[in-house]
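Peer 1: Next come the chains, spelled out residue by residue.
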Amino acid sequence: MILDSKIPEGPLAEKWEKHKFDMKLVNPANKRKYDIIVVGTGLAGASAAATFGELGYNVKAFCFQDSPRRAHSIAAQGGINAAKNYQNDGDSVFRLFYDTIKGGDYRAREANVYRLAQVSVNIIDQCVAQGVPFAREYGGLLANRSFGGAQVSRTFYARGQTGQQLLLGAYSAMNRQIAYGKVKMYPRTEMLDLVTIDGQARGIVVRNLITGQIESHSAHAVVLATGGYGNVFFLSTNAMGSNATAAWRAHKKGALFANPCFTQIHPTCIPVSGEYQSKLTLMSESLRNDGRVWVPKTVETAERLRKGEISVNDIAEADRDYYLERKYPAFGNLVPRDVASRNAKLVCDEGRGVGSTGLAVYLDFADAIKRDGQPAIAAKYGNLFEMYAKITDENPYERPMRIYPAVHYTMGGLWVDYNLMTNIPGLYAAGEANFSDHGANRLGASALMQGLADGYFVLPYTIGDYLARLPYDKVSVDHPAFKEAEQAVIAKNNQLLAINGTRTVDDFHKALGQIMWDYCGMARNAEGLTFAKQEIRKLRDEFWRDVKVTGVNEELNQTLEKANRVADFLELGELMVDDALNRSESCGGHFREESQTPENEALRDDENYTYVAAWEFTGVGNEPVLHKEELKFENVKLTQRSYK
Amino acid sequence: MAGSNPNAKPMDLTLKVWRQKDRNSPGQMVTYPLKGISPDMSFLEMLDVLNEDLLRKGEEPIAFDHDCREGICGMCSLFINGRAHGPERGTTTCQLHMRHFSHGETITIEPWRAAAFPVHKDLIVDRSAFDRIQQAGGYVSVNTGGVPDANEIPIPKSIADKAFDAATCIGCGACVAACKNASAMLFVSAKVSQLAMLPQGKTERKTRAENMVAQMDIEGFGACTNTGACAAECPVGISLENIAMLNREYMGAKLTSENVAS
Amino acid sequence: MNWFTKTFSSTIGRKVIMSITGLFLCSFLVIHLIGNFQLFKDDGGLAFNVYSEFMGHNPIIRTLEIVLLLGFVFHIYDAFVLTRRNKTARPVEYANTRPSENSTWSSRNMGLLGTVILVFLIIHLYNFFWRARFGDIPADADGVENLYMVVVESFQQWWYVLLYVVAMAALAFHLIHGFQSAFQTLGLTHKKYTPFIQAFGYAFSVLICLGFAIMPLYFFFFF
Numbered sequence: 001m002i003l004d005s006k007i008p009e010g011p012l013a014e015k016w017e018k019h020k021f022d023m024k025l026v027n028p029a030n031k032r033k034y035d036i037i038v039v040g041t042g043l044a045g046a047s048a049a050a051t052f053g054e055l056g057y058n059v060k061a062f063c064f065q066d067s068p069r070r071a072h073s074i075a076a077q078g079g080i081n082a083a084k085n086y087q088n089d090g091d092s093v094f095r096l097f098y099d100t101i102k103g104g105d106y107r108a109r110e111a112n113v114y115r116l117a118q119v120s121v122n123i124i125d126q127c128v129a130q131g132v133p134f135a136r137e138y139g140g141l142l143a144n145r146s147f148g149g150a151q152v153s154r155t156f157y158a159r160g161q162t163g164q165q166l167l168l169g170a171y172s173a174m175n176r177q178i179a180y181g182k183v184k185m186y187p188r189t190e191m192l193d194l195v196t197i198d199g200q201a202r203g204i205v206v207r208n209l210i211t212g213q214i215e216s217h218s219a220h221a222v223v224l225a226t227g228g229y230g231n232v233f234f235l236s237t238n239a240m241g242s243n244a245t246a247a248w249r250a251h252k253k254g255a256l257f258a259n260p261c262f263t264q265i266h267p268t269c270i271p272v273s274g275e276y277q278s279k280l281t282l283m284s285e286s287l288r289n290d291g292r293v294w295v296p297k298t299v300e301t302a303e304r305l306r307k308g309e310i311s312v313n314d315i316a317e318a319d320r321d322y323y324l325e326r327k328y329p330a331f332g333n334l335v336p337r338d339v340a341s342r343n344a345k346l347v348c349d350e351g352r353g354v355g356s357t358g359l360a361v362y363l364d365f366a367d368a369i370k371r372d373g374q375p376a377i378a379a380k381y382g383n384l385f386e387m388y389a390k391i392t393d394e395n396p397y398e399r400p401m402r403i404y405p406a407v408h409y410t411m412g413g414l415w416v417d418y419n420l421m422t423n424i425p426g427l428y429a430a431g432e433a434n435f436s437d438h439g440a441n442r443l444g445a446s447a448l449m450q451g452l453a454d455g456y457f458v459l460p461y462t463i464g465d466y467l468a469r470l471p472y473d474k475v476s477v478d479h480p481a482f483k484e485a486e487q488a489v490i491a492k493n494n495q496l497l498a499i500n501g502t503r504t505v506d507d508f509h510k511a512l513g514q515i516m517w518d519y520c521g522m523a524r525n526a527e528g529l530t531f532a533k534q535e536i537r538k539l540r541d542e543f544w545r546d547v548k549v550t551g552v553n554e555e556l557n558q559t560l561e562k563a564n565r566v567a568d569f570l571e572l573g574e575l576m577v578d579d580a581l582n583r584s585e586s587c588g589g590h591f592r593e594e595s596q597t598p599e600n601e602a603l604r605d606d607e608n609y610t611y612v613a614a615w616e617f618t619g620v621g622n623e624p625v626l627h628k629e630e631l632k633f634e635n636v637k638l639t640q641r642s643y644k
Numbered sequence: 001m002a003g004s005n006p007n008a009k010p011m012d013l014t015l016k017v018w019r020q021k022d023r024n025s026p027g028q029m030v031t032y033p034l035k036g037i038s039p040d041m042s043f044l045e046m047l048d049v050l051n052e053d054l055l056r057k058g059e060e061p062i063a064f065d066h067d068c069r070e071g072i073c074g075m076c077s078l079f080i081n082g083r084a085h086g087p088e089r090g091t092t093t094c095q096l097h098m099r100h101f102s103h104g105e106t107i108t109i110e111p112w113r114a115a116a117f118p119v120h121k122d123l124i125v126d127r128s129a130f131d132r133i134q135q136a137g138g139y140v141s142v143n144t145g146g147v148p149d150a151n152e153i154p155i156p157k158s159i160a161d162k163a164f165d166a167a168t169c170i171g172c173g174a175c176v177a178a179c180k181n182a183s184a185m186l187f188v189s190a191k192v193s194q195l196a197m198l199p200q201g202k203t204e205r206k207t208r209a210e211n212m213v214a215q216m217d218i219e220g221f222g223a224c225t226n227t228g229a230c231a232a233e234c235p236v237g238i239s240l241e242n243i244a245m246l247n248r249e250y251m252g253a254k255l256t257s258e259n260v261a262s
Numbered sequence: 001m002n003w004f005t006k007t008f009s010s011t012i013g014r015k016v017i018m019s020i021t022g023l024f025l026c027s028f029l030v031i032h033l034i035g036n037f038q039l040f041k042d043d044g045g046l047a048f049n050v051y052s053e054f055m056g057h058n059p060i061i062r063t064l065e066i067v068l069l070l071g072f073v074f075h076i077y078d079a080f081v082l083t084r085r086n087k088t089a090r091p092v093e094y095a096n097t098r099p100s101e102n103s104t105w106s107s108r109n110m111g112l113l114g115t116v117i118l119v120f121l122i123i124h125l126y127n128f129f130w131r132a133r134f135g136d137i138p139a140d141a142d143g144v145e146n147l148y149m150v151v152v153e154s155f156q157q158w159w160y161v162l163l164y165v166v167a168m169a170a171l172a173f174h175l176i177h178g179f180q181s182a183f184q185t186l187g188l189t190h191k192k193y194t195p196f197i198q199a200f201g202y203a204f205s206v207l208i209c210l211g212f213a214i215m216p217l218y219f220f221f222f223f
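Protein chains in written order, with my numbering: chain B, 1 to 644; chain E, 1 to 262; chain V, 1 to 223.
No lab work stands behind these hints, which were simulated from the structure alone. Hints are supplied without guarantee of correctness; some may be wrong.
Distance windows between CB atoms, simulated [claimed, not checked]: (1) LYS87(V) - ILE159(E): 34 to 44 Å; (2) LEU23(V) - GLU59(E): 54 to 64 Å; (3) LEU23(V) - ILE218(E): 40 to 50 Å; (4) ALA169(V) - ASP367(B): 22 to 32 Å; (5) PRO118(E) - GLN87(B): 31 to 41 Å; (6) LEU25(V) - ILE218(E): 26 to 36 Å.
All residues carry an ideal CB built from backbone N, CA and C; glycine is no exception.
Generate the whole structure from the sequences, applying the supplied hints.
Peer 2: The following block contains the structure:
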């Protein structure tokens, strides 16, 4: 298989313009003859569904939640980047492009990222027109902040709830199309298989989560906007329902899965408090603008702290190690997410972690409060402090917060070309579900940008180019391919229900998460990964022998829903390990202990790994086949990231 | 692993939970004893623990809605000890922690109760009425593309902030659940106010108010009697001022719009 | 239905009618109270009887009486319609509910309070209004119908006094919520003025009802 990224010819800045002209158009009167399925209603899915509807296509949108408004994009706090240069501080499309490529440690496609930076400006216009209440200055113009260590202020935000406001904007646009009858919404409906006919994606098989009914939906194109797979780790900042099932089942139907090992561990999350922990809560990394990260200088002090013999405020200034400021004087506490996370792990591994588990570091606001006063700090971070106090029962104004990294975002995903089409014609992937724009590490405030760019401004063009070449003929859901897929889904559900073993689904999920976290988390090595692969296989076998799923298919059955998702995580986890094993360099969020600089920083191997690893499924338990898409950098020079 | 507070003692609790097989079956309260609950658990983690126990015994776990567990998606619900989202103000059920309960306590857990929110199963209700209300007009009619530059229309910060306050509604339905009339006025008013305040939303403010209220009435929610229970129980603090604004918007629209048919 | 009937049969429209009629009825209470204060004039009821005579026969007052009646009818009718709607909006009650945590007792019991007031109103109308208008009340020293005597006699009965006091208490609670609630329903809220409206409403409710309640107590204890 030859991977054709379909990057248009021409200078970087003109590629998208030229491509837009080169693409075929569907006659306005003919658009109503085409059906498009959109799975997932987060930023990418809702914006795509709304825009397809506006253009005149017939859209069917699906989400597993009770309402499209609940998609996990809603939880994004910080903001959305756009190269508006409203602040006159030197930002430009090229700078946003450059920062994103560099932040991704040179493992993303230049052309895609440049396009992302180009359309970023349109996103803000669109959202404002929808009535998204972004933060404003007293003069009435939009406010910006610098985010995630960026040197320019290009982040637009709506207090700490930017994702919510953007999603509700996209949701409202979709609602308008639902009211017009152009979008038909299927909430509480989960995609369980992709249907391909003659090699083209022609529909999906879903389960109605209320009745258990297995149904088929046919269309001319299918868009997966189903988010990331961070929940492979069980504990992550993802929502409880976030899952990889749609993407994974498309992968099993032939779609390549790219860079699965690229996961982002976010440094500022509330630490685990007990075994019952069901998810991790992220606190915006804007906290690092004023908070100072530290641990005790010595293991002895840390031990006494953990035992409760001394309290944090007893530790003298001289006994504290502000390790980020010490190691990275230029960036200090504002180093990129992967660097901050890895260093937190390092100091905890040394035994200097705090909290009763020893898996936490301090984020201290005492100096900021002394400098700016408590009211100023409360005005900036009040809601975050409140959230922290609510969860931990500790007052962050009086004692430093305890934070620890947590799985947050997955840069990997379904392989797509420049048109966001997977290698299966007619199957598209958008937002976090694809691999395309963030390389090996995503910058803060870029996820929202990418989701909306894909949905509002990329897919609506590129999907037309595909549909324009396709006959109007609809495929009936009575086609044998649909019946076959339905039967497979039913058989799988029945198999899960029939095992009647002794261990719960969560039990397996937690076990998988532990393996992934220990061996495929913030630091990875060949030995650990090889071990993890065996462990995952064992766990998977045990799952299919011993899982307990109660109830029947023909009802609202949350255990069965989870079982299907965990079954897929058990396969995806192995692919992540395979990918991590294959990529013996360190880059971005992927840190191979074998590949580091003398100062323990990530060491890229551009000579051997400047490629996208796209994996082909060959059957459960079989070795996947690796396809490489070489990455060409014509506009940026590859440099080793340095934040010293 | 111990919790953040190593001195916190595990609690024993008695849960009384509404169990209902499906929309058409009758339901009843079922009692479950529960031991060794850490005060640092969230309320939903406490239910996870119970469900794991039930599963191991081969019993059906309790179905309840939840997703982000960060208090923002609005999916979790639960009427806990007579209060929507439990005893703590300004808190969704997923952000409610067991430290607010005491050892030996009996906790009743019921689904939202409203004709417009029929029970799907156990504690899960159907809130699609909310979506239909939004579809009736909770948007600005702009297509993608072709919009003016974001900074073309300045919006005073105070207005933008007020619109944001209204826009933070998470659509959980606690307002309906807490209201003795099962009224959805707070929910509807949040969206109507947000868009009526912003210049972008003003163009359609009349039809929006008319249509959203009409849909609200069709869905079978009760009328507002200004008890203020909704705002008091709202996890994100949507203000009653929005309801006043909705009343103003609606009557203003009805009396001055050119829509004579309805 | 045309737009007009649709507007005023919507939940908000009905509430607006209740607000307007409610505030109108409040204004009636003021007039009624001021007039009745003539009971306290130490003239054996002569002034009160002249006042009653005027109220019973002046054509403007008689016209307004119909408006007043309509005010009551709409207020009560819409209350009835909305209460029924509100009951059906929650067909299954909670097993455990703690409304006192989020709302005042009076705000939740407007229907109950209103019913108490309605029962009182019927007895009150029968006893005074009906007898003054259609009954046979002897004349006083000035040859005017001596309604004053009817008042004095009525308020000698303990149960009648009790009914009045209870009803006025109910009315006070009804108004404490209703007065400011009417402004909320009419959308007349403002950061600057709403606190004043709320305080005024509270004082108004208490003072008006106290004023009315003093009358039966005065005649019971001091006559």
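Peer 1: All hints are to be evaluated individually against the structure, with a verdict given for each.
Peer 2: Now the hints, each set against the structure:
1. Restraint check, LYS87(V) to ILE159(E): a C-beta distance of roughly 39 Å satisfies the suggested window 34 to 44 Å.
2. About 57 Å separates the C-beta atoms of LEU23(V) and GLU59(E), a value consistent with the hinted range of 54 to 64 Å.
3. Between LEU23(V) and ILE218(E) the C-beta distance comes to about 29 Å, which lies outside the given range of 40 to 50 Å.
4. Between ALA169(V) and ASP367(B) the beta carbons are some 60 Å apart, a value that contradicts the proposed interval 22 to 32 Å.
5. Our hint of 31 to 41 Å for PRO118(E) and GLN87(B) is violated, since their Cβ atoms are close to 51 Å apart.
6. The hinted window of 26 to 36 Å between LEU25(V) and ILE218(E) holds, with their beta carbons roughly 31 Å apart.
Violation of the numbered hints given earlier is confined to hints 3, 4 and 5; the remaining hints are satisfied by the structure.
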